[in-house]
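Student: When you get a sec, could you build the whole thing from the sequences and use the hints?
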Amino acid sequence: YIMAFELPKLAYAYDALEPHIDARTMEIHYSKHHQAYATNLNNAIAGTDLEGKSIEYILQNCKDKPAVRNNGGGFWNHNLFWEIMGPNAGGTPTGELAQAINDAFGTFEHFKDEFAKAGTTRFGSGWAWLCVEGGKLVVCSTANQDNPIMGEGCK
Amino acid sequence: MAFSAVALPYAKDALAPFISAETVEFHYEKHHKGYVAKLNDLTKDKPEAKLSLEELVKTAAPGPLFNNAAQAWNHNFYWLSMCPKTAAPPPEVAEAIKSNFGSMEEFKKKFSDAAIGHFGSGWCWLVQNPDKKLQIVAFHDADTPLKHGQKPLLTCDVWEHAYYIDYRNRRMEYVEKWWNLVNWQFVKENMQF
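Residue numbers (our numbering), protein chains in the order written: chain B, 1 to 155; chain C, 1 to 193.
Since the hints were derived computationally from the structure, they do not count as laboratory data. Some clues are possibly wrong.
As the list claims (entries may be wrong) - Taking lysine-lysine and the DSSO-like style, the derived pairs with C-alpha atoms no more than 30 Å apart in a straight line are:
1) B:Lys32 <-> C:Lys108
2) C:Lys151 <-> C:Lys33
3) B:Lys155 <-> C:Lys147
4) C:Lys108 <-> B:Lys117
5) B:Lys65 <-> C:Lys109
6) B:Lys155 <-> C:Lys177
7) B:Lys63 <-> B:Lys53
8) C:Lys109 <-> B:Lys63
9) C:Lys147 <-> B:Lys63
10) C:Lys50 <-> B:Lys112
11) B:Lys155 <-> C:Lys38
12) C:Lys33 <-> B:Lys117
13) C:Lys30 <-> B:Lys117
14) C:Lys46 <-> B:Lys117
15) B:Lys65 <-> C:Lys46
16) B:Lys117 <-> C:Lys109
17) C:Lys109 <-> B:Lys32
18) B:Lys112 <-> C:Lys188
19) C:Lys177 <-> B:Lys32
20) C:Lys151 <-> B:Lys32
21) C:Lys33 <-> C:Lys44
22) B:Lys32 <-> C:Lys110
23) B:Lys155 <-> B:Lys112
24) C:Lys38 <-> B:Lys63
25) B:Lys117 <-> C:Lys177
26) C:Lys151 <-> C:Lys50
27) C:Lys12 <-> C:Lys188
28) C:Lys108 <-> C:Lys177
29) C:Lys38 <-> B:Lys117
30) C:Lys50 <-> C:Lys109
31) C:Lys110 <-> C:Lys58
32) B:Lys112 <-> C:Lys33
Said to hold, decoys possible - Which chain C residues face chain B? A few, computed with CB under 8 Å, are given here:
33) Ala138
34) His140
35) Asp166
36) Asn169
Just so you know, even glycine gets a beta-carbon here, dropped at the ideal spot from N, CA and C.
Tutor: Put into structure tokens, the structure is as follows:
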């Protein structure tokens, strides 16, 4: 028996991110969109040599398999998305992260501007990212459900 | 003279219940006119402003100019592809559909599959090739048949902004309902027989 990919449990209730993101949005986003990626990913790798592999391995070996790439990416991206948010969060980073942000972007405000620009200038569907590359912080965006660990890095 | 969005050929509530007045309001006033406004910004006092929208779409290199011009053009085509109540296609159109796809039913299934199965933002098109054969194509984001030497006949917008208010994630239901709005007369006007 090979275990299929399952959605990680949300660390907070659907309504925990209000008023910034409402409960109904969270419910549909998690239980419909994210769940569909997981289901479709499992179907796409069933019976192939990708079955049983880690999601990271799958994402690095799916260039020629659109269904795996799209759904695997969607699965992984949303896992991270829910994790990096939470109620009683926000504010400003501290310590080493704050230092790294200042080193790479000058100020936290400028980082936020760059990140917002990456998000607003991505045409069509996609994601904005803050990544570590070669020990440095970089901001970029990807299309659809692609992500920087698929092999192209953060551009 | 600035570019503008096509005047809607029907009232904003005319496509209900398949596409709500609220969707038409947002889709036309915010999204469509937003692309047009950006296009006018990008072409202000530039030679591109003198081109027709179609010429601009055909000649623009990939990037914001193409994206906004193509989206302005695609949306014009989308509103015209629809009418408040679909009717039986003119005989020449029905015949062409039958000879290219086997039957109207098969055509609708193939088109729906392409529209529903397209990943991410984009458009599903019925096009006519230079050899007069009909083809179903789905393109990403702002990409359009004008860039591929194909004559557009009919289009369905599958960017989420086209269906999210009415159908949320259920694109399949949106596409099923969209058939109630197809303007076959417009398809005929675009075709070469």
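Student: It remains to establish, for every hint, whether it holds in the given structure.
Tutor: Each hint tested on the structure:
no., hint, result
1, B:Lys32 <-> C:Lys108, "holds, 26 Å"
2, C:Lys151 <-> C:Lys33, "holds, 24 Å"
3, B:Lys155 <-> C:Lys147, "holds, 26 Å"
4, C:Lys108 <-> B:Lys117, "violated, 40 Å"
5, B:Lys65 <-> C:Lys109, "holds, 24 Å"
6, B:Lys155 <-> C:Lys177, "violated, 40 Å"
7, B:Lys63 <-> B:Lys53, "holds, 16 Å"
8, C:Lys109 <-> B:Lys63, "holds, 29 Å"
9, C:Lys147 <-> B:Lys63, "holds, 26 Å"
10, C:Lys50 <-> B:Lys112, "violated, 38 Å"
11, B:Lys155 <-> C:Lys38, "holds, 25 Å"
12, C:Lys33 <-> B:Lys117, "holds, 22 Å"
13, C:Lys30 <-> B:Lys117, "holds, 20 Å"
14, C:Lys46 <-> B:Lys117, "holds, 25 Å"
15, B:Lys65 <-> C:Lys46, "violated, 43 Å"
16, B:Lys117 <-> C:Lys109, "violated, 40 Å"
17, C:Lys109 <-> B:Lys32, "holds, 24 Å"
18, B:Lys112 <-> C:Lys188, "violated, 51 Å"
19, C:Lys177 <-> B:Lys32, "holds, 20 Å"
20, C:Lys151 <-> B:Lys32, "violated, 36 Å"
21, C:Lys33 <-> C:Lys44, "holds, 16 Å"
22, B:Lys32 <-> C:Lys110, "holds, 25 Å"
23, B:Lys155 <-> B:Lys112, "holds, 17 Å"
24, C:Lys38 <-> B:Lys63, "violated, 34 Å"
25, B:Lys117 <-> C:Lys177, "violated, 36 Å"
26, C:Lys151 <-> C:Lys50, "holds, 23 Å"
27, C:Lys12 <-> C:Lys188, "holds, 24 Å"
28, C:Lys108 <-> C:Lys177, "holds, 12 Å"
29, C:Lys38 <-> B:Lys117, "holds, 16 Å"
30, C:Lys50 <-> C:Lys109, "violated, 41 Å"
31, C:Lys110 <-> C:Lys58, "holds, 27 Å"
32, B:Lys112 <-> C:Lys33, "holds, 28 Å"
33, Ala138, "violated, 13 Å"
34, His140, "holds, 7 Å"
35, Asp166, "violated, 13 Å"
36, Asn169, "holds, 4 Å"
Consistency with the previously given hints fails for numbers 4, 6, 10, 15, 16, 18, 20, 24, 25, 30, 33 and 35, ordered from lowest to highest.
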